[in-house]
Amino acid sequence: MRIELQHFSKRFGDTVVVSDMNLVVEEGEMIALLGPSGCGKTTTLFAISGVHRVDEGRITIGGRDVTRLPAQKRNVGVVFQSYALYPHMTARRNIGFPLAIRGMERRAADRAIDEMAELLEIRPLLERRPGELSGGQQQRVALARALVRRPDVLLLDEPLANLDARLRLDMRGEIRRIQRETHTTAILVTHDQVEAMSMCDRIAIMDRGRVVQIAAPAEMYERPASRFVASFLGSPPIAYLPAAATEGGLRVGDALVPWAGTAPRDTPLSIGVRPEDFGPDGPIRLAGTVAAVESHGREMLYAVDLALGARLRAIQPGIARARIGEAVAWGFDPARMLVFDGEGRRL
Amino acid sequence: MPNRLRSLMILGLIGIASLPLIVMLAFLVIDSFSASPPGTLIPDRFTLEHWRFLWQTLPGRPSIWTATANTFLFAGATGTLLVAISSTAGYALARLDLPFRAFFLGGVLVMHAFPTVTLIIAIFLVLQVTGLYNTLAGVVLVKTALNLPLGIWLMKGFYDTVPWEIEIAGVQDGASRFTVWRKLVLPQVRPGLAALGLFSVIDGWNEFILPQVLAPRSDVQVLSVYLAGLISDDSRFDFHLFKAVGLFYVLPVTLIYMIFQNRLMSIYGGGTKG
Amino acid sequence: MSSSARLGLLMLAPAAIVVALLFVAPAILTGVFSFTSMTTATGITGGAWQLTSEAMGRLRSAGLAAATVDALAAEHYRIDETTLATAADAGVAAATIEELRTRHGGETFDNRRDFERFLKGLAAKPANVAALKAAVPPFRVSIVNVRYETAAAFDAAVAGSGVALDAAARDLVGREAYTGWRWTTANYGRLAASPETLARLGRTLLYVASTILFFNVGFALVLAIATYYLPKGPGAAVRAFWLIPRVMPVVLYVMLWKWLAWDGGFLSTVLAPLGVAPRNWLLDSPVNAWIFIVLINGFIGASMGMIIFSSAIRAIPQPLFYASAVDGASTLQQVRHVILPQLRWPILFVTSYQTLSLLASFQEILLATDGGPGSSTEVWALAAYNTALNSYTGNLQYGMGATLAVVLVVVGILVSLAYLRLFNFAALVERPRIEQ
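Residue numbers (UniProt numbering), protein chains in the order written: chain A, 1 to 347; chain B, 1 to 274; chain C, 1 to 436.
In case anyone wonders, no lab produced these hints; they're calculated from the structure.
One or more hints might be untrue.
To be verified - Only some residues are given here: those of chain A computed to face chain C with a beta carbon under 7 Å:
(1) Val51
(2) His52
(3) Arg53
Even glycine gets a Cβ: it sits at the ideal position worked out from N, Cα and C.
Start from the sequences, fold in the hints, and give me the full structure.
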């Protein structure tokens with residue numbers, strides 16, 4: 001169901017954790033709340049779920065105002081980073097708990113549990129207790145428990161953080177598949193940009209209690225609203241060069257970079273260059289020395305200390321193109337660069 | 001220094017420091033089953049005469065079985081009451097959005113430091129006035145009350161170890177806070193409940209001053225008072241008899257202690273009086 | 001109020017009720033009692049009015065004229081319906097009584113001789129000397145040592161005694177004749193004036209400080225460190241053994257120490273072949289008594305420190321030990337430079353905690369020496385207990401005992417509030433994460 005936050009604010013004592021947040025999640029959509037720890041994303045999640053009181057603003061789910069509704073009456077499924085399975089109950093009873101609370105008749109509940117177990121491929125594990133399950137299996141049980149009641153909204157709080165890298169990759173796809181199959185509106189809270197980009201339809205990036213940008217992953221990557229957003233997306237991260245606006249473009253070190261934008265003359269600007277856009281063949285050449293070379297198997301990662309006093313990273317496929325200490329003059333494509341003003345806003 | 005030698009030295013030194021205790025405990029058992037000639041400690045014959053209190057009532061004392069039953073009742077009742085009351089109050093203080101929570105918590109801590117003697121004088125007078133003087137119910141209530149700050153504090157500590165996520169998950173699953181406590185949280189602190197219960201049963205079993213002051217009459221006498229009475233009369237010490245009764249008295253505690261030692265360790269380290 | 005606040009208050013209610021009735025109320029009552037003169041003699045609930053010789057002494061020292069006091073104490077012989085009825089019961093001849101009633105009703109005589117002379121002059125005078133002697137006592141009236149249940153009855157009796165008193169004197173007499181407890185600050189005055197107070201304070205300090213220093217922290221540290229360096233099995237066994245004094249019933253435990261020290265007990269028997277005369281080591285000198293008191297309490301108290309220090313030592317990261325071993329540190333150096341610095345807070349905690357516990361404790365001393373020899377081991381808490389609840393004379397001084405207890409409470413509360421600050425109480429009050 002459609003979720004809407006209007007001017008939502010939340011304080012803990014004197015600390016403002018979220019201020020004036022507006023967000024719309026369309027029905028069946030999966031959106032990520034992405035940001036560094038302490039940015040207010042989990043607080044937002046708990047406000048939607050009903051565990052935190054809303055200080056200001058309004059929250060609606062499927063058009064119904066739930067701002068003052070207790071968590072028990074919101075029909076929201078939550079999956080926690082720690083899974084929060086009830087340790088003294090078997091997987092079956094864990095999944096069945098929300099149904100038991102709602103007073104569902106035993107046989108119907110068992111059917112619903114089995115159906116959910118089928119979907120998540122955990123049929124054989126149902127009689128085990130959480131202590132006897134691996135992290136990935138616990139994760140699936142937790143998902144089943146959140147989904148078995150057919151929730152209006154599914155909230156995922158860092159669901160993959162406790163899994164190892166391999167399993168995380170599998171579960172990313174799994175969660176997305178199940179979310180699609182059940183057609184559940186979902187919000188994913190994460191600090192991992194890869195997770196957000198790969199799993200979600202849209203991303204809302206938060207910083208110190210405010211939403212900085214909401215966009216689809218590709219758009220946000222290509223057209224970040226600010227340096228903060230640009231830095232958050234992409235690995236290895238984007239790097240910046242100091243620049244100044246001049247007649248017909250930007251001055252970066254000795255080079256004149258063509259730029260169609262406008263800025264007052266001589267204001268300090270910066271340009272961001274992503275590692276995949278920097279290499280031996282770019283049109284704008286900058287002199288520097290190779291400071292590090294790392295092999296990542298399929299590709300090579302370079303760090304180049306530029307003569308103008310900044311460091312750029314480069315990712316290039318195939319064999320090594322330079323050695324450490326080698327003087328190079330690598331370049332980038334001005335069409336791909338991002339230009340920011342002194343406050344970090346993209347121009 | 002090789003580890004073996006070091007261990008032996010340490011054990012030796014601790015052994016010397018433990019001598020008074022070792023001697024006391026050894027002779028507690030030996031003397032209750034034997035007789036020794038005056039002026040020596042070495043027994044010369046085995047006897048059960050010191051255990052006569054089991055089948056005959058000692059002059060001027062209530063029957064040992066009355067005292068034993070009273071002690072069981074006293075210890076069991078205080079244990080049950082304490083666990084019941086602390087487990088609800090501890091949860092309220094640990095997890096519920098209670099008005100004046102900090103004040104209550106501070107109060108619990110300050111009360112924990114309250115000297116028993118300051119209360120017992122007034123309690124003595126209160127029980128006299130209310131007619132609960134010389135009743136087991138009165139002492140049970142008092143003992144529970146005095147242990148309550150500790151019980152609440154320990155239970156709060158146990159609840160604090162239960163992850164918030166479990167409670168949040170329960171609330172999200174639609175359960176009321178009471179159901180969350182009853183069905184989800186309480187099962188997680190069962191070991192804590194057991195430890196507190198065991199501790200309080202032992203503590204009640206051992207309690208002396210409260211029954212002595214508040215319920216000394218013979219039909220409500222507990223074993224500690226019975227035992228103390230045996231040698232309060234300074235002229236006629238019969239330590240053999242005393243030790244036999246003492247051994248009888250300490251048996252249940254020994255049993256509990258041997259089985260649940262590790263559980264109790266956490267409570268005795270968690271801060272109790274003495 | 002939020003639903004969880006309601007549930008919280010409900011779940012807190014049983015504890016709150018028990019605590020209010022048996023913790024808070026007694027604590028307040030203790031404070032109240034400390035301002036009374038309550039003893040066994042005065043009773044708890046109330047008293048009567050009775051002019052005792054002590055009361056007369058108090059009246060004299062309160063400045064009432066000696067003549068007035070004597071007048072109050074004086075006996076009279078009066079002929080009225082009450083005394084006549086008593087006389088009839090005592091067997092005085094009916095004729096005599098009839099004559100007294102009809103002709104002399106209401107007459108009063110100030111002393112026995114006058115009254116006897118008067119009786120001898122009656123028409124129906126007593127038949128012989130024995131009858132005369134028997135006829136006199138029923139007519140004797142005196143308010144001395146007579147118990148009056150209400151103030152009004154007492155006042156009437158005083159008025160009837162014929163002594164003229166002004167209002168102030170009447171009040172004074174009534175106050176001093178009252179046998180129940182009274183409001184007074186005298187307990188605190190006595191406490192401040194008594195030289196015993198300072199001595200008691202000193203003994204309490206000695207008791208708390210030496211027990212903590214030698215055992216609750218000192219020996220507890222030795223045990224924790226020693227068992228750390230022992231293999232797992234023996235280490236655990238030693239710790240379990242040293243928990244025994246804590247788990248054992250206090251009566252049995254202390255009495256076994258008594259057996260150890262008693263003149264027919266272990267020490268005396270073992271030392272006899274060495275030519276040491278048997279004696280009660282526990283009570284033969286104040287120094288020995290103190291050694292035993294500290295041992296008895298220390299053996300109990302060592303376990304808490306031992307358990308806390310042990311887990312603190314186990315929480316020290318292993319690499320620290322490896323590093324110091326690689327650096328060539330000896331075991332003692334390791335203890336000094338790795339273990340002890342990490343135990344600063346646990347030691348502080350145990351010290352503060354046990355200070356309060358020991359301040360309040362008296363059971364062990366009560367059972368072992370009961371403050372003896374003399375009062376050389378009577379600590380403050382024991383003094384409070386003995387004064388209020390354990391007096392040999394049978395007159396328990398509740399008021400004075402309460403006063404002693406109040407001092408202990410004030411000290412206890414101040415110290416524990418200081419500890420709450422020291423150990424960052426605010427951190428213990430985490431805000432609830434479910435807000436409903």
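Going down the list of hints, with the structure as the test:
For Val51/A, the shortest C-beta to C-beta distance to chain C is roughly 5 Å, which falls under 7 Å, so the interface hint holds. Given hint, His52/A at the interface with chain C, holds; its Cβ is 5 Å from that chain's nearest Cβ, closer than 7 Å. A distance limit of 7 Å between C-beta atoms decides the matter here; for Arg53/A the minimum to chain C is near 4 Å, and the interface restraint holds.
Hint check: no violations occur; every hint is consistent with the structure.
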